[in-house]
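Q: The chain contents come next:
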Amino acid sequence: MPHEQHARMSAQDQALQATTRRHFFQQCQVGLGSVALASLMNNGANVQAATPNANQAALKTTHFPAKAKRVIYLFMAGGPSQLDLFDFKPKLQELNGQVIPESYVANKRFAFIKKDAKLLGTKRKFSKQGQAGAEMSELLPHLHKVADDLCIVKSMATDVFNHGPAKLFANTGSPQFSGRPSFGSWLTYGIGSQAEDLPGFVVLQSGPRGPRGGSALWGSGFLPTSYQGVPFRSGAEPILNLNSPQGIDATRQRQFVSAVNDLNQLRLDAMGDPEIATRIAAYEMAYRMQSSAPELMDISGETKETLELYGVEAGKPSFANNCLLARRLIEKGVRFVQLYHTDWDHHGTPGTELGKSLDERCAETDRACAALVQDLKRRGLLEDTIVMWGGEFGRTPQGEARDLVGRDHHIEAFTMWFTGGGIKTGQTIGETDEIGYNTTVDRLHIHDLHATLLHLLGIDHLKLTYRFQGRDFRLTDVHGKVFQKLLA
Amino acid sequence: MMNGPRLLVVACCLLALSHNKLLLGEEAAKPVDYLTEIKPLLAQRCTSCHGAETQKSGYRLDSAKSLIQGGDTGEAIVPGKPDESFLMHAILGTNGATRMPPKDPRLTDAEVSLIKRWIEQGAKAPEGDLPPAPAEIKNRNHWSFQPVQRHPLPKVQRSDWGRHEIDAFVLARLEAEGLTPSSEADRVTLIRRLSLDLLGLPPSPAQVQAFVADPAPDAYERLVDQLLSSPHYGERMARQWLDLARYADSNGFTRDQPRLIWKYRNWVIEAFNQNMPFDQFTIEQMAGDMLPNATPDQKIATGFHRNTLFNEEGGTDPEQFRVESVVDRVSTTGSVFLGLTIGCAQCHDHKYDPVSQREFYQLFAFLNNADEPKLEVPTPEQLAAGSLAVREELRNKVKELEAEFEKQKPEFDAELDKWAMSLTVEQRNMLPIPVMNTLNLALSMRTPENTKALVNHFRALEFVRQKFPTLQQIADLQAKEPVFVTTLVMSEREKPRETHIHIRGDFLRHGIKVTPAVPAVLPAIPTEVQQPTRLDLARWLVTPQNPLTPRVTVNRLWLKFFGRGLVETENDFGLQGSPPTHPELLDWLAAEFVANGWNLKAIQRTIVLSATYRQSSKFRTDLAEMDPLNKLYGRQSRLRLDAELIRDVALAASGLLAPVVGGPSVYPPQPAGVFDFTQDKKPWVPATGNDRYRRGMYTYLWRSSPYPAMTVFDFPDANVACTRRTRSNTPLQSLTLANDQTFVEFAQGLARRVLLEVQGDDTARVSAAFRWCFGRDPSASELQRLLKMLEEQRAAFTTESAQKIAPPNLPSSITPTEAAAWTAVARVLINLDEFITRE
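So the sequences go chain by chain: G and R.
Position one of the first sequence corresponds to residue 1 (the working numbering), numbered consecutively onward.
Position one of the second sequence corresponds to residue 1 (the working numbering), numbered consecutively onward.
Careful, some of the hints might be misleading.
Computed list of lysine to aspartate or glutamate pairs in DMTMM-like fashion (alpha-carbon distance at most 25 Å, straight line) [as the list claims (entries may be wrong)]:
#1 R:K351 x G:D448
#2 G:K60 x R:D680
#3 G:K356 x R:D680
#4 R:K452 x G:D448
Reference listing, derived: stretches of chain G covered by chain R, where coverage requires no fewer than 3 residues with Cβ under 8 Å from a Cβ of chain R [unchecked claim]:
#5 155-166
#6 236-242
#7 259-266
#8 343-351
#9 381-391
Please keep in mind that the hints were generated in silico from the structure rather than gathered at the bench.
Virtual Cβ for every residue (Gly too), placed ideally from N, Cα, C.
Just chain G, same shape as in the assembly (with noise of 0.2 Å):
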């Protein structure tokens, strides 16, 4: 591999890019977005205070042609049950009550139940659906529709059964909150954003609640915070401190920046540091961010029949407002926009078990995935656009001893699905043992899914790396192995 397709640069290229930095501000009419002057630090052993800028990209191509150029992250927090949404075990159905055999859970952990936890068939009903002939639950009516799009995976595996810890292994590939940067932080530090006026990485949140974990789950850890997530809140200031002060109105604010702007160029005249041209760079992009988020938020402008076909009601903070927002944000050129709907704990208390509280999860998702599926779709989107679905981990084939009915957290197996750019669609992959305890074929781990993906994205998940504290850090860790079944 030729070593400038490696992400590390050297000292001397950080410093090349220093002295040129200041030519391109000058010289060119762009936004940060597109500048891919990468001042780009290494952390380690050859560091440069150059600074990081939103967006900018560390590898100068890809390693391989991109079959997919954004993600899209429904991201189900608490953990779906797949045992009632995608996996049907006619097995379970028939020991329904019975504790299940000791071989299944010899040296296993849970957290809560207990060895001698009975199993628990499912009650919803289940159909094949589409051409391929998908397993999926009554709780999906809308999914059905697009079932020949999706790749659904049910062998997929995680390590840890706690969900802070789960849901930072499924965004950064570790369980320990070490600082480690997520999915969306890698892919923008490796590959930069096309968003000439959004941050590159995006985070939307409905639900109850905001996913456990908080901000670690799009953190950049060790790489520069520019490649951090920024949370998008629903209402009028998306960003916080997006909106001009009380008493400034547009114009008084271009005054506002115009002035800045020329004392920090006086200032740039002499002292000839280029970090004050980014400044003066950076001011100029929060500008144009203040008009072009509030239009992102803005769905006034979609049909009636868009904001129908994603169950959108005007006004209202959803899940099906997100995924609307979702496809205007990677219109716009945004890298990684991850949703997080919460409450899919589903343990078997009043409002966590898997009668009541799993409609309504699945009334408040349902339709909007299909609909993004096929919004995507019809606008050529999603041919290069990776849509992927899934929580933390799955549930156990036991039942747990509590007042309704519900299942623990599970690691050995758990399904998840995907569609867009590079994905082969059409497919349903992975099997598990009768009881749906443990995957059998095709067993899909998150570090394998982590390398997965940046190989769809480009990116070899081996050559996209950050030095720090010595060591050549990556998203995979020492794991990760392309899944290639999931490849079109």
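Using the hints, position chain R against chain G.
A: Structure of chain R alone, referenced to chain G:
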């Protein structure tokens, strides 16, 4: 966990084995000779990784004794029982072991069968087959492991530049490259630089004026001494130390509940202000609780290692997260004091540095014996009032009442059940987390802690107390108890825990037992120490023989004053780290530091007195070509201020700063919507009065949702030790300075000052505001641009729009438009690059 393919391999091997057994049936009885059959085989196939040179997983197969004894995973051979012998599992890849040798060619069936038979026959070998002497430790000669030495001063050509030794080392390097140093910065720049570096606060215009006008030859030295004796010096030093200590005010993970540990922060500030020697500073934080007659302060100091995270999520295994904390403590000790990435050896031997996995767990063993309690810290007033005795008395009375209440227990339990059954979902979800968690668990699944949380909650309910008056009496007594501030500390257990190697870092997979020891590549703990403890480790970190701690410490100080360390990888002095740019200078500083009794103020004084430090930070074209990264220090560096300092300089310029040192964390205003993305909404009532205007370092820090105006400027996540801040430059930063309500408030403060305190025309007022912000006078073009802005704004504001941004409560003689226009100008000033930069 086994996956499909591996199972298949195992199955094949077993098949192959049994097949062989049939074939070789008659050979089974034939005795296998260790010396002629086993040892040569192992020497050929195994000892390149498991021999005298390298001992992967601590295992060597070059002698019968070590072969049987095993490595990190424990005993490798059970004579007579191949099925129970780890060695057999390793060569077959069974029982979760990685198959050995890891690459082709594997052992042949015949070879496997030979080893198996030898074990079956009792693994007999001559007694004297001991491991040959261990090889020299690899990479022992690496520069950072060598003793600190004082080198002779280099010869330099130029005699008119330089003030002391530091400058000689720097100048010699510059001259060797054909470069010259920059001239000294002007006095305004110097006092602002010193003040920001040493205190984290800008100088006032009066201080600037006094220094600029001071004709004495020692004006600079006196300024440095004055700054070093300021109480704000301790704050500045402390905040940098708190990065290393991963300090925060909450527990982290998903629940991220609040914690009280600000007393530790106070301790750090105080320790720096008193100029506590760094060796003592280290010992008290690592093991203050174990010092003879440990004082409360020395115990508070151990909060250093209590800043680890704590997972309160339901369904977690407490031991798992305790172990994770200890692992973090080992890694943190490594990066903070030794500048080594010891954490890399948690799962396997360090890939580059001479730290084995076994040595990682030997260090782990030092830190594995602490309980993690809260320490109550009564105020002096409480102590004087005998509060401890008062509480004792109250508690005795409560005990009596509790005994009485026991009789009513069945009745109480029945009430509790009745109540629990009656709750609706909504009511349940409103309960405190531990209570809700308990109710969500079946009876059989509840731990004693669960039950306690529930019972305590129930006892506090109004109707329960009415029903059981004894409970009301108890509560009344308890309400009278004096309350003490608490802080998290370490407390050594009498009986140490056993420490084992965790195979591949998995705390459930125990390898051999280990005892406390330091890595062999470093100087040993004195042999007279029989069973070394955490205190011995603490003392060892700062023995004069330890070459790493002083180097790492002075290097971090250098980083603060120049923006880059002499060793650029400030947290990695190992083989993968970068070598020092000025090795002799690094050693000179380290030697001075230790020789002066680990005196932090003295060594920093030396650094800032140097001509190297005092240079101008202006870019030079010759340097840009020859030394673009300024590794040779031909000029000073321009550095964007740290996150919390940006708040501090704005507070200072606005005149709003409340310079109170120490105390609990505070809640300055933050934008709405910050907690939309956390699991629980955090309490955040914006402070009024003084606490609204405290320095950034006192802002309450929730790990799951840190203060946005600080995170955006690269404030660390406080989950692991941060040895260096990054310095990014982004549009979100611009939005913060431009629009965040707190910064608008600072702009209003500055405008108010200008309007109320400065007499004279616009030029005089703009100049005064400029001096408050930058210490210097504006240039003609700067002045002109600001006056233009002022005129624009006077014309732009209507009374109505002006009232929205004008500072409140100004005298009526000042029109809202005038006040708003000045606020707009002030807002420009605090948004300038120079405002958030140390020149």
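Q: Any hints from earlier that this structure breaks? Give me their numbers in increasing order, please.
A: 2, 4, 9
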